[in-house]
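*Asks:* Quick note, the sequences are listed as chains W and A, same order.
Position one of the first sequence corresponds to residue -9 (the numbering used here), numbered consecutively onward.
Position one of the second sequence corresponds to residue 42 (the numbering used here), numbered consecutively onward.
Calculated directly from the structure, the hints in this document are not laboratory data.
Check before you lean on any hint, since a few could be wrong.
[Unchecked claim] The calculated DSBU-like cross-link candidates involving lysine-lysine, where the alpha carbons are at most 30 Å apart (straight line), are:
{"hint": "1", "chain 1": "W", "residue 1": "K57", "chain 2": "A", "residue 2": "K111"}
{"hint": "2", "chain 1": "A", "residue 1": "K111", "chain 2": "W", "residue 2": "K46"}
{"hint": "3", "chain 1": "W", "residue 1": "K32", "chain 2": "A", "residue 2": "K98"}
{"hint": "4", "chain 1": "W", "residue 1": "K46", "chain 2": "W", "residue 2": "K32"}
{"hint": "5", "chain 1": "A", "residue 1": "K111", "chain 2": "A", "residue 2": "K98"}
From a predicted model like this one, the values you see are computed outputs, not experimental measurements.
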Amino acid sequence: QKEVEQNSGPLSVPEGAIASLNCTYSDRVSQSFFWYRQYSGKSPELIMSIYSNGDKEDGRFTAQLNKASQYVSLLIRDSQPSDSATYLCAVFTNTGNQFYFGTGTSLTVIP
Amino acid sequence: DAGITQSPRHKVTETGTPVTLRCHQTENHRYMYWYRQDPGHGLRLIHYSYGVKDTDKGEVSDGYSVSRSKTEDFLLTLESATSSQTSVYFCATGASQETQYFGPGTRLLVL
C-alpha cells in the first residue's frame, strides 16, 4: 500500500469554479501535510502546509485536514487557467523522518 | 527557487559511466535531499543530509551515493549509470525537517 494516494485525474473544471483535490495517507503518526503545485517541466512549488485538524485558508486556496480519516484536501476557489498544473500531496512522518509524496493530480481549468 | 541551483540541467550519458549531479544552495539550510521523479511513481527520496557529512538513505538509494562536505553543496553520484536511472532528479533543501523547497531539476538520460 502506498504511503500517500491521490487520484491521478485528469480533473477538469471551468474557469471560476471550485477545484477539489483529495489525498489519503496510511501512516497514522504522520505529522505535517503539504500541497505542492508543479507546472509541466518545472519543479514542485510549495503552496500550502497544514499541521492540525480543520481548515487553513490562504487566498484562493483552502487546505483541509482530518487526521481521524487520514485525509487531506485542497480546495481552489475561483479557479483560473493559470491554476492548470499537477498538484502533489506530501506527508511528513516520523517513520524515517522523511517526506512521502503522492503521484499527483493533474488539474485543467477550462477558460 | 532562486536560492537552489542544480548542475547540469540536462545530461545524456552511456550505460556504465559514472555521473555526478550537483546541488548548490545559498539559503544556509541544514537539510538537503535528492529525489527522482518518474511517471507513475511520483517523487521518491534517494538520499538526504541533515548536516555536513551527515547523510542517510531514502527509499530508492540502491546505485546512488551522496556526499556533503560543506553546507551549500550536496552531490549525488551514480557510480555506474544504468538505463533504469533515466529520470528527472530534484534537489530540495529546508531549514527544518518539515520544510522543503525544490531546485529546478536535472534531466538525465542514460543510453
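*Asks:* Now look at each hint and say whether the structure bears it out.
*Replies:* Hints versus structure:
no.	hint	verdict
1	W/K57 to A/K111	violated, 38 Å
2	A/K111 to W/K46	violated, 37 Å
3	W/K32 to A/K98	holds, 25 Å
4	W/K46 to W/K32	holds, 26 Å
5	A/K111 to A/K98	holds, 19 Å
Hint compliance for this structure: hints 1 and 2 are not met, and every other hint is.
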